[in-house]
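A.B. asks: The chain contents come next:
Protein chains: 2
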Amino acid sequence: MKQHDERRNEILDTALRLFFSQSYSEVSVAALIDAVGIAKGTFYHYFRSKEELLSELVLREASRQIPAYTAIAEDPALTAEVKMQRMFLTIGAWKADNRELMIASIRLLYRDENILLRHKLEQASIELFAPPLGTVIHQGVNEGCFHTPYPEVAAELILSMWSALTQRVAELIMRCDEEPHLAESILDRMRAIETAIQRFLGIPDGALALIDESDMRRILMPPAV
Amino acid sequence: MKQHDERRNEILDTALRLFFSQSYSEVSVAALIDAVGIAKGTFYHYFRSKEELLSELVLREASRQIPAYTAIAEDPALTAEVKMQRMFLTIGAWKADNRELMIASIRLLYRDENILLRHKLEQASIELFAPPLGTVIHQGVNEGCFHTPYPEVAAELILSMWSALTQRVAELIMRCDEEPHLAESILDRMRAIETAIQRFLGIPDGALALIDESDMRRILMPPAV
DNA sequence: CGGTCTAGACCGACCGTCGGTCGATAATCT
DNA sequence: AGATTATCGACCGACGGTCGGTCTAGACCG
Numbered sequence: 002m003k004q005h006d007e008r009r010n011e012i013l014d015t016a017l018r019l020f021f022s023q024s025y026s027e028v029s030v031a032a033l034i035d036a037v038g039i040a041k042g043t044f045y046h047y048f049r050s051k052e053e054l055l056s057e058l059v060l061r062e063a064s065r066q067i068p069a070y071t072a073i074a075e076d077p078a079l080t081a082e083v084k085m086q087r088m089f090l091t092i093g094a095w096k097a098d099n100r101e102l103m104i105a106s107i108r109l110l111y112r113d114e115n116i117l118l119r120h121k122l123e124q125a126s127i128e129l130f131a132p133p134l135g136t137v138i139h140q141g142v143n144e145g146c147f148h149t150p151y152p153e154v155a156a157e158l159i160l161s162m163w164s165a166l167t168q169r170v171a172e173l174i175m176r177c178d179e180e181p182h183l184a185e186s187i188l189d190r191m192r193a194i195e196t197a198i199q200r201f202l203g204i205p206d207g208a209l210a211l212i213d214e215s216d217m218r219r220i221l222m223p224p225a226v
Numbered sequence: 002m003k004q005h006d007e008r009r010n011e012i013l014d015t016a017l018r019l020f021f022s023q024s025y026s027e028v029s030v031a032a033l034i035d036a037v038g039i040a041k042g043t044f045y046h047y048f049r050s051k052e053e054l055l056s057e058l059v060l061r062e063a064s065r066q067i068p069a070y071t072a073i074a075e076d077p078a079l080t081a082e083v084k085m086q087r088m089f090l091t092i093g094a095w096k097a098d099n100r101e102l103m104i105a106s107i108r109l110l111y112r113d114e115n116i117l118l119r120h121k122l123e124q125a126s127i128e129l130f131a132p133p134l135g136t137v138i139h140q141g142v143n144e145g146c147f148h149t150p151y152p153e154v155a156a157e158l159i160l161s162m163w164s165a166l167t168q169r170v171a172e173l174i175m176r177c178d179e180e181p182h183l184a185e186s187i188l189d190r191m192r193a194i195e196t197a198i199q200r201f202l203g204i205p206d207g208a209l210a211l212i213d214e215s216d217m218r219r220i221l222m223p224p225a226v
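If you're matching them up, the sequences are chains B and A in order. Those letters in the first sequence? Residues 2 to 226, by the working numbering. Those letters in the second sequence? Residues 2 to 226, by the working numbering.
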């Protein structure tokens, strides 16, 4: 017999692995408990429903990402502009470095059956990232480099836009194999978002390079074999 | 025996009614066919799956909204600014006039079980509204009143932002009964979006009143009894 | 120390419901 | 008459979830 938290995390770990190697709706509770090696009743001893498992899983995974970004936000040595750049570029570079994983995730998340998983991940990311980003924007307004009457809302709004962009990019990446010219329209969208964020923050176009074009190309273009 | 289209629309009509009086996942195919008065096999003669029914339903309903907006977009007598205002204000006024229906819809759509329905509605709206809105933005750029290097992407981007806002508003409306002070934070978000759109289009803050505050208050505040 | 008691970890047969299939039948068209 | 299309409903396997019960670690006690 195992400790409560140990078993619980074992179930969550297995669920994470299975949800990403198959999909949320394809993985039945029966398959999950087989993989963990427990009985149906044990699963429902730890989670009230399959959906509650999903929510807790998403929360746990999203929370793991946060410390790196709060560290950037609270670094006393950096200006708001640099912090913001660093936050967005860190995400982009990570995605470029883990291209295969990213694309595999996208292929799974952006399917109708997984929409609930995707939506919960998006919402959790926005809610968890908004505070550190909001701190940075506030700092920028105080430093006089950002000019927006809505510093509190700006973080959420920017993340919502970013999230909508990610969705578009994902859709296009999935169709990129067939129609490679779509890559250009993705880059267009990214530049548009960058412009939108800059203008919303009241800084000149091009002042804030949030997207590293070479990283983006690494994500979009299949590596030469 | 009925004509193909007649029967098909009968199924779609009934599905629409049931999905909004209960929810997408709560309404089983069995319940639907009972309400229509047909057999299981007949349903699957017209639709390959329950999900295909949903997609077609969403497409049909979203398409019905379009003509009104293309009419505005193609009116030769109006400036781009006026067209854009008229489009957004028309939506707002309609929502204010149909407050009960709106709130009932929100309470249904913004539940985990209905996420697929909601997402498909959102995507269909964005895809169908983007062309007329894009036309208007193009006109604005040509007339010299809008300034954006990405007129094609702008429409989609603005609609994505609007959609994210709608989602936030919906979440807050659902919790407004308990915490009425949330109304102010909704208004804040709306003003922020208005600013974001204006700045993205390169026009002065306040030049484009896309949101009628009295309409918004009518939506947010329960009518005095 | 050995014995007992209990909370809670664990089990798996079982349930109702679901989306979907299929072969038969009836109506309509050519 | 023959072909095509619309209709039917019994049937299926899989699903998420329940329930009555067993097993065991560790607290408590004589």
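These are calculated hints, taken from the structure and not from any lab test. Please note that a few of the clues may not be correct.
Because identical chains share one entry, a pair is satisfied inside a single copy or across any pair of copies.
Keeping only pairs whose Cα atoms sit at most 20 Å apart, straight-line, the calculated EDC-like set for lysine to aspartate or glutamate is [unchecked claim]:
| id | residue 1 | residue 2 |
| --- | --- | --- |
| 1 | K51 | E75 |
| 2 | K96 | E114 |
| 3 | K41 | E214 |
| 4 | K121 | D216 |
| 5 | K51 | E27 |
| 6 | K41 | E185 |
| 7 | K41 | E195 |
| 8 | K3 | D213 |
| 9 | K51 | E153 |
| 10 | K121 | E172 |
| 11 | K51 | D113 |
| 12 | K121 | E179 |
| 13 | K96 | D113 |
| 14 | K51 | E214 |
| 15 | K3 | D113 |
| 16 | K121 | E214 |
| 17 | K121 | D35 |
| 18 | K121 | E53 |
| 19 | K41 | E82 |
| 20 | K121 | D206 |
| 21 | K51 | E114 |
A.B. asks: A separate judgement is required for each hint: does it hold in the structure or not?
C.D. replies: Verification of the supplied hints:
Proximity of K51 to E75 under the C-alpha cut-off of 20 Å is found in neither arrangement, the shortest distances being 37 Å within a copy and 50 Å between copies. Within a single copy, K96 and E114 get their C-alpha atoms no closer than 24 Å, and across copies no closer than 31 Å, so neither meets the 20 Å cut-off. For the homomeric pair K41 and E214, neither the shortest alpha-carbon distance inside one copy (49 Å) nor that between copies (53 Å) is at most 20 Å. In the homo-oligomer, the alpha carbons of K121 and D216 never lie at most 20 Å apart, since the shortest distance is 27 Å inside one protomer and 31 Å across protomers.
In this assembly of identical chains, the alpha carbons of K51 and E27 lie at most 20 Å apart whether taken from the same copy (12 Å) or from different copies (17 Å). Taking CA atoms no more than 20 Å apart as the test, K41 paired with E185 passes in neither setting, with 49 Å inside one copy and 46 Å between copies. Proximity of K41 to E195 under the C-alpha cut-off of 20 Å is found in neither arrangement, the shortest distances being 49 Å within a copy and 51 Å between copies. In this assembly of identical chains, K3 and D213 lie within 20 Å of each other by CA distance neither inside one copy nor across copies; the values are 47 Å within and 59 Å between.
Proximity of K51 and E153 under a CA criterion of 20 Å is satisfied in neither setting, with 35 Å inside one chain copy and 42 Å between copies. With identical chains, the CA atoms of K121 and E172 are at most 20 Å apart both within one copy (18 Å) and between copies (14 Å). Proximity of K51 and D113 under a CA criterion of 20 Å is satisfied in both settings, with 18 Å inside one chain copy and 13 Å between copies. Taking the shortest Cα distances, K121 and E179 never come within 20 Å of each other, neither inside one copy (29 Å) nor across copies (24 Å).
Taking the shortest alpha-carbon separations for K96 and D113, neither the intra-copy value of 23 Å nor the inter-copy value of 28 Å comes in at or below 20 Å. With identical chains, the CA atoms of K51 and E214 are never at most 20 Å apart, being 40 Å at best within one copy and 42 Å at best between copies. Proximity of K3 to D113 under the C-alpha cut-off of 20 Å is found in neither arrangement, the shortest distances being 36 Å within a copy and 32 Å between copies. With identical chains, the CA atoms of K121 and E214 are never at most 20 Å apart, being 29 Å at best within one copy and 31 Å at best between copies.
In this assembly of identical chains, K121 and D35 lie within 20 Å of each other by CA distance neither inside one copy nor across copies; the values are 25 Å within and 34 Å between. For a Cα distance limit of 20 Å, the shortest separation of K121 from E53 inside one copy, 11 Å, qualifies, whereas the shortest one across copies, 24 Å, does not. In this assembly of identical chains, K41 and E82 lie within 20 Å of each other by CA distance neither inside one copy nor across copies; the values are 51 Å within and 60 Å between. In this assembly of identical chains, K121 and D206 lie within 20 Å of each other by CA distance neither inside one copy nor across copies; the values are 33 Å within and 34 Å between.
When the C-alpha separation of K51 and E114 is checked against a cutoff of 20 Å, the pair qualifies both within a copy, at 14 Å, and between copies, at 13 Å.
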